[in-house]
Amino acid sequence: MDWKPVALSTAPLDQSWYEASARARLAGLLDADTFEEFIGPAQRMMSPHLPLFELPRAFDDGMIVGRGRLDGRDVLVAAQEGRFMGGAFGEIHGAKLVGLLRAALAVKPAALLILFDTGGVRLQEANAGETAIAEIMRAIAVTRAAGIPVIGLIGGRAGCYGGGGLIAGTCAHLVISEGGRLSVSGPEVIETNRGAEEFDSRDRALVWRTMGGKHRRLIGAADAFVDDTIGAFRAAALAAIPTAPTFDLASLEAEQARLEARLARFGDAQDATEIWGRLGVNDPAAVPGLTTEAFDTLLDSLPERPHHAR
Amino acid sequence: MDWHQERTAREARLERARPHADGKIVPAARVVDLLEAILQPGDRVCLEGDNQKQADCLARGLSACDPSRVHDLHMVQSGIVLPEHLDIFEQGIARRLDYSYSGPQGGRIARMLYGGQIELGAVHTYLELFARYFVDLTPNVALIAGVSADRDGNLYTGPNTEDTPTVVEATAFKNGVVVAQVNEVVDRVPRVDIPGDRIDFVVEADRPFYVEPLFTRDPAAVTETQILMAMMAIKGIYAEYGIRRLNHGIGFGTAAIELLLPTYAERLGLKGRIATHWALNPHPSLIPAIESGWVKQIHCFGSEVGMDRYIRARPDVFFTGSDGSLRSNRAFCQTAGLYACDLFIGSTLQIDLQGHSSTVTTNRVAGFGGAPNMGSDPHGRRHPSDTWMKAGREAGGTGDPALRRGRKLVVQLVETFGDKLVPTFVERLDALELARKLDLELAPVMVYADDVTHIVTEEGIANLLLCRTLDEREQAIRGVAGYTDVGRGRDHAEVERLRARGVIRRPEDLGIEPLDADRSLLAARSIKDLVHWSGGLYEPPAKFRNW
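Residue numbers (our numbering), protein chains in the order written: chain A, 1 to 310; chain B, 1001 to 1547.
Just so you know, the hints here were simulated from the structure itself, not pulled from any lab data.
Please note that a few of the clues may not be correct.
Between beta-carbon pairs, the in silico distance windows are [claimed, not checked]:
hint: 1; chain 1: B; residue 1: Arg1309; chain 2: A; residue 2: Val142; range: 50 to 58 Å
hint: 2; chain 1: A; residue 1: Ala32; chain 2: B; residue 2: Ala1313; range: 16 to 24 Å
hint: 3; chain 1: A; residue 1: Thr291; chain 2: B; residue 2: Ala1542; range: 18 to 26 Å
hint: 4; chain 1: A; residue 1: Asp296; chain 2: B; residue 2: Pro1195; range: 34 to 42 Å
hint: 5; chain 1: A; residue 1: Asn282; chain 2: B; residue 2: Ala1313; range: 26 to 34 Å
Some but not every residue of chain B turned toward chain A, in silico, with C-beta under 7 Å [to be verified]:
hint: 6; residue: His1074
hint: 7; residue: Tyr1483
hint: 8; residue: Arg1497
hint: 9; residue: Arg1499
hint: 10; residue: Arg1501
hint: 11; residue: Ala1542
For clarity, every value in this text was computed on a predicted model and none was experimentally measured.
Every residue gets a Cβ at the ideal spot worked out from N, C-alpha and C, and that includes glycine.
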């Protein structure tokens, strides 16, 4: 087998998405020097709640929103900084995304991109955070109904959990990498509530097999699986814009039917590899080790393509 | 005069044990019977446990023995790693202990020492304990582990040979009894690591012996502070002294150095000039450097979980047997690290104002592992190298230069604050408090001050070779101790004088911009990257896989 060692390249597009900060991801994702931030750190729009807990705040509250160009097209972007409080949603953090989504109706960008990197709602401001999640989902529905595709990119250290997982479910298109994880309850939450026999959060292979990018792609929860580079996410985001599905009653009903069928077909499976086997993967145990290229070949060879209605 | 008392005693032990064996082969279910037949109260016993491979089936057997029949044993083994290693002291099966390393059991061993449940001989360095096996701590019984054996007892230890040859040598040739647990009994072993006439009984274990992946450091957890320290070590020490022959500790700082060789060090033009010959376990984090052609050869103390296929495919680099798999040997590799390496670099938990260091804290007695042997200046060394001679010149001295010996470089690579923001630099080592409480004559010091040549922290490098007085030495250490109490207690004027003399060097003095210390410098940023570098040959254990 011909393996390519990791790129020792210093080119911005070759850098790891997983490793990069939210700002570095935006800088690499968008056309060079086109990013223009709204409510940037200089404005000091910070959490009003964290000082009550004597916790440090961030000048941008871990959410960076703004506009830029993607291959010349105007887009709006929001990026979560997973290294600040695990990218968790608080009042300001959430409000910035709600505001961006509402602005989209006036700006009419080619797409709105959300760079997820979140563990969910910030416990210290849970009510505001939960409200923000609801407002964001409603705003995404309105934005999509207006014909603007909302595209989610998932490949950060914190994954996309809790309310972030719910929001991702309302996006028109999701791009995910191997390191990316997408779920609602996180591994530790499941283990705490149901015990290590149900889900051993320290078994990292189990975590990624159940919540990681490949599994999400195989069952149709994500629409594209990409290498962990900023360039790969950029290419996938570009490809998604013209193909993003419309948002109407018919597409919602189709999505509901798809999810019901999925539950009926796989609901009794004990492990992700069982699901992959039922999907026609000959050697499920080998899937985690596949390169992106080999994984794409596998997807093409399956009797049925992962079907995603959205 | 009877000159054969030991041999007669050995024959009696074998005679008692024979009913439980079929030739040399003993089923796992009969282990307790076997051990109760062989062992006598007060025996010196080596229950093979080193820092990786564990004779765990025999350990469980020993701990299931009847304390009224088997008691007051004197355990002489390098590693206290499994719970059973300490259970036997609670049960009264064992009473006295001489050992080297107790990483995972460090907390419990401290409690038992305080509680008086263990009568402690000494905490040794590896070579020191091995040496005493041949002088005054010769085992009566050795309980060892191997991968497979044939019915004659010929033993294949597999890649984790580690302590086995040394333990068997001391026991078998001095009238002792050797029991080996193996994963399987085979018709023909892949290679003979221990000849069958040194093995008395072979126990077919109920499950494969346990090996701890102790030397795997996930590149994903390497921090930018560690990268900065690694850059300083490479530019300020490796390059300046031209260090080719070396040993690395197991911390994340040294893993960062390994991961910077094909990137940062390559850009400095150091390939072939540094880090070519190693006494080192097969660290997965060294794979990118090996694949990039940096490494000429590596001799290993033991193996590392998941590295077997990779090692088999790189026999030019590693020592391998006729069967293709790694041959390691802790005693030889420790000797290599002591006498044939010009640098040891490792980490520690506490450093005092003179530079003494210890991994012992008041509630953990972790022991030493390999560091004290390799982290000491060997006075038995007689061959020169540019590195050794340069360090010797820096240390100064008087008289004919041809009569001045060189110096081994012993480098402590530490962050000023360790885990949970506990300061690494202290006025007084916890080891002294432990020695006082336990009434030990000798405090458990890992590396003595007079052996340490450099301390590297995120604040800079202190070159202790260049210090001429104890006062200078103390200020040099305070001068890199950051915001710890020790660091804040520095004499600023003296520290600046030391800096002007090059005793202390900051990143900027080395031409290093701290903001350049970025994870993108790492040749691998995840375990998966290491797998890719190895061409798919490295097979990391499940706990390190996130795919």
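Hints and how they fare:
A C-beta distance of roughly 55 Å is found between B/Arg1309 and A/Val142, which places it inside the suggested range of 50 to 58 Å. As the Cβ distance of A/Ala32 to B/Ala1313 is approximately 43 Å, the hint placing it in 16 to 24 Å is violated. About 20 Å separates the C-beta atoms of A/Thr291 and B/Ala1542, a value consistent with the hinted range of 18 to 26 Å. The hinted range of 34 to 42 Å is not satisfied by A/Asp296 and B/Pro1195, whose Cβ atoms lie roughly 54 Å apart.
Taking 26 to 34 Å as the suggested C-beta distance range, the pair A/Asn282 and B/Ala1313 conforms, at roughly 27 Å. Taken as an interface hint, B/His1074 does not check out: its beta carbon lies about 38 Å from the nearest beta carbon of chain A, beyond 7 Å. Against a cut-off of 7 Å between C-beta atoms, the interface hint on B/Tyr1483 is violated, since the closest Cβ of chain A lies about 18 Å away. At its closest, the beta carbon of B/Arg1497 sits 37 Å from a beta carbon of chain A; the interface hint therefore is violated under the 7 Å criterion.
Because the beta carbon of B/Arg1499 sits about 32 Å from the nearest beta carbon in chain A, more than 7 Å, this interface hint is broken. A cut of 7 Å between beta carbons decides the hint on B/Arg1501: the least distance to chain A is about 36 Å, and the hint is violated. A distance limit of 7 Å between C-beta atoms decides the matter here; for B/Ala1542 the minimum to chain A is near 5 Å, and the interface restraint holds.
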